[in-house]
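Next come the chains, spelled out residue by residue.
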Amino acid sequence: MKNQSRGWLKIFGFLLLVICVPQAHAAAPIVAAASSIKFALTEIAAGFEAETGQALKLTFGSSGSITHQIEQGAPFELFLAADENSITRLATQGFSQDGGRVYASGRVGLFVPHAVQYQADPQMAGLRSALQQGQIKRFTIANPAHAPYGRAARAALKSAGLWQEIQPFLALGENASQATQFAASGATQGGIIPLALARTPEIETRGQFVLFPTDVHADEPLHQRMLLLKNAGKVARDFYAYLQQPVAQQILARYGFDLPAKENP
Amino acid sequence: MSLRVAIYHHAPELDFEAVIPVGQISALVGPSGSGKTSILRGIAGLLKTRHARISLANEDWDTQDLHRPTRERSIGMVPQQHALFPHLSVLGNVEMALGHLGRAEKRQRAQESLQLAQIAELANRRPQELSGGQRQRAALARAIARKPQLVLLDEPFSAIDRGMRKRLYLELRHLHQQLHNTVLLVTHDLDEAAQLASYLLLIDQGRLLQAGETTQVLTQPRCEQAARLLDIPNIFNARIIETAGQRQLQWGEHRLKISADISPACGKVKFAVLPQNPLLVKSDRPWGSHLENPVSALVRDIVTLGGEVVLWLQPLNMPETRLQVRLPERAIRRYPVISGSQVTVCLRAADIVLLED
Amino acid sequence: MDWVAVVLSLKLAIATQLLLLPPAIIGARWLALTPFRGKVWIEGLLALPLVLPPTVIGYYLLVIMGSQSPLGRSFENWWGQSLAFSFTGLVIASAFINIPFAVQPAQRAFEAIPTELHEAAKCCGLTFWQSFHRIELPLAWPGILSAVMMTFAHTLGEFGVVLMVGGNIPGETRTLAISIYDRTQSFDFTAAGTMSLFLLLISVATIAVSYGLAERLLRRRRLT
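Protein chains in written order, with our numbering: chain A, 749 to 1013; chain B, 7 to 363; chain C, 1139 to 1362.
Where hints are given, some of them may not hold.
[Said to hold, decoys possible] Label pairs and their calculated CB-CB ranges:
1) C:T1253 with B:K153: 22 to 28 Å
2) A:S933 with C:P1160: 41 to 47 Å
3) A:S933 with C:G1350: 35 to 41 Å
4) C:T1253 with B:D21: 33 to 39 Å
5) C:R1357 with B:A17: 36 to 42 Å
6) A:G795 with C:P1160: 46 to 52 Å
7) C:R1357 with A:H862: 25 to 31 Å
8) A:S933 with C:R1357: 46 to 52 Å
9) A:T836 with C:P1160: 47 to 53 Å
10) C:D1326 with A:G795: 17 to 23 Å
[What the hints assert, rightly or not] Rough simulated footprint, nothing fancy, chain C against chain B, three-plus residues with beta-carbon under 8 Å:
11) 88 to 96
12) 102 to 112
[Stated by the list, open to error] Simulated crosslink set (BS3-like; lysine-lysine; CA at most 30 Å straight-line):
13) A:K885 with A:K906
14) B:K54 with C:K1177
15) B:K54 with B:K153
16) B:K172 with B:K153
17) A:K805 with A:K978
18) A:K805 with C:K1149
In short, the hints are calculated from the structure, not lab data. All values derive from a computational prediction rather than experimental measurement. Yeah, the Cβ is synthetic: ideal placement off N, Cα and C, and Gly gets one too.
Extracted from the complex, chain A is given alone in its bound form (with noise of 0.2 Å):
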């Protein structure tokens, strides 16, 4: 009986090490990115996996999430943001070498689902009407508090004149990405969001879309930076350098975003 036992405890701690030790090996590097720019990153990686063979994590959230997880010790080693607060306070604290580059900048639009019957146009004029006749239940941007598309989103919406009217109907996506899907769903009567995302196949189909001007919310300008972090290994330098380079470029592009200057702090 007690060898039984004996027996049992020795297969237990076994296992016990074998799942919880954590994994030493050199993994593939974890690149985090703001939700905004998921299909276009997405491409550029498997693009870059099929040129160097070298492997990617990819994962996304919101600028302001991403930023408090590395606070937090999140093991990321590059980040693309949509914004460049975030970049500059990691920067600060000194979780990387450099101040990071910028990258793309993001344009933001309104979005207006199928089944609702007002206007998309870039002065929100239509919006303003449905608003004035109660047509507004719920409207969606991402969360200003933490992701610079919702920032971008209530400068558009301060700038038509319509914040405070429309706050009682806001529904906040916890990321750009879910505001997307709040938008697309017909849960809502419309949003505001990134325009790499209403590209989307998915998004096109499901109501229409138009581009806000970008002084609109020049209060926020999505211009977005990149920074690699401390521990960034060679691959992530070399996914960095690749998404300077033409053939990305050219993927940010495609998805509606504005390409930097050549000369780049």
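Given the coordinates of chain A, assemble chains B and C onto it according to the supplied hints.
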């Protein structure tokens, strides 16, 4: 060589001291709530008390500084609810008590125990599949498996029906004869104690009232409480008086001679008479000096109860007093007694039991 | 269908069992059989993960395990990677939130063993461990099995705490539940639907098996 027990406890209230002889079947008798089960558990080492002094022969189980754990005491216990392990067969239950032995020896010893308890044919059954009597046998087999010096039984037959009970009494006595150990049986049934035990301990409200050889305790209660516990209905108030240098009992207007070897002080006293003892004298029979302490009485009530006739007699000029007399039916058959008639009843001096305070 | 996430979820569920169950069983037995003042407070404390929102639990776990905490820092110095956002951190978090699921059923099972059986075991000469191993465990088995099953199912479905403490790192902390969320956010509703159905079926099967087994075991041990 004896089992010395002294237990003082709060809840339940216990103030118990006794010396129990070894090698016999002893019975601890008392009403429910008198603390008998707690005392039994105390002897087994299961009661959480610091004030216990228990030793068996020359082995100390509980002293001021020592509390020997239950498993180190040479005991076997059959609790009231038999407590058989439901996930094991009868054989498994018995073998559980033999954990220290090798597999073959364990099996053999277990079989021996099962044989002794007369339950060997049910060895592979589960407790749920057994009747009440069978479960008690199984629990007993488990209790004796380790060949303990002391076997403790807590009301083992209370849930068994009458016919089976008689069988089990015999089997228990037979078992005891073969094992020569000490058995302490707790019961509230006086008849059961009388049939099984050679040593009797009376307990009430956590205190020992009387202990001694069974027949002696049953016929000679020491105090009123013991007499009531023994269900003796005839407890009377009287006075001890001195006449001509001799002590006598003044009971109402009757003067009774009492046993010479007791010398109580004069004054108020209580006495008891067992209902089987008084002799009924025929009215036409002349007096003889061998008939002691004749008392005239009226027959107030007669009840026949299974071969026995119970009479309630009222001694003359004592209207509130009732003396219960039990006679076998044949005694009345030849000389019938009718309610309301006057009879003479003899209370022999030896049958008058004086009760202490 | 994100098989990496499925495997990760299963690994997490098993690891949680291994880490949590032995202390949970011993703790459950202790709680069942040792009366002491203030026991209610301990039981309440252990039941906290049931009532606290996952965000609160996640927040405090990050405080305890994150890089700014002593625990997190020493882990990083020792293993070279952070405790939060790692599988190890996830196992610790998961074990913590499953405490009530592991302890409560086991405790009830130990409490259900009548005192006379414990005493009978002592009278049979069994030591504490012998009694625990040969009498109590076989009788408390249904409750322990229930604890295993509930913990397993609960870990598979845990979301909030996993997200906060683990992030969403593929192959490391992206469990099945997170993956479903992830796919939904990528508008890949087919994949999300498939994985949700898969998780639903596993959960239902686990609970059904657990209940069925427990019922069967109880029937065997019931005293007439």
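These are the hints, each one checked on the structure:
1. C:T1253 with B:K153: 22 to 28 Å: holds (26 Å)
2. A:S933 with C:P1160: 41 to 47 Å: Since S933 (chain A) and P1160 (chain C) have Cβ atoms about 45 Å apart, the given range 41 to 47 Å holds.
3. A:S933 with C:G1350: 35 to 41 Å: holds (39 Å)
4. C:T1253 with B:D21: 33 to 39 Å: Once the Cβ atoms are compared, 25 Å apart, the range 33 to 39 Å for D21 (chain B) and T1253 (chain C) is violated.
5. C:R1357 with B:A17: 36 to 42 Å: holds (37 Å)
6. A:G795 with C:P1160: 46 to 52 Å: holds (49 Å)
7. C:R1357 with A:H862: 25 to 31 Å: violated (58 Å)
8. A:S933 with C:R1357: 46 to 52 Å: Holds, at about 48 Å.
9. A:T836 with C:P1160: 47 to 53 Å: Between T836 (chain A) and P1160 (chain C), where Cβ atoms are some 48 Å apart, the hint holds.
10. C:D1326 with A:G795: 17 to 23 Å: holds (20 Å)
11. 88 to 96: holds (count 5)
12. 102 to 112: holds (count 4)
13. A:K885 with A:K906: holds (19 Å)
14. B:K54 with C:K1177: The hint holds at about 20 Å.
15. B:K54 with B:K153: Holds, because 26 Å separates the two Cα atoms, which is no more than 30 Å.
16. B:K172 with B:K153: holds (25 Å)
17. A:K805 with A:K978: holds (18 Å)
18. A:K805 with C:K1149: Answer holds: K805 (chain A) to K1149 (chain C) is near 19 Å, not above 30 Å.
When the structure is compared with the earlier hints, violations turn up for hints 4, 7 and for no others.
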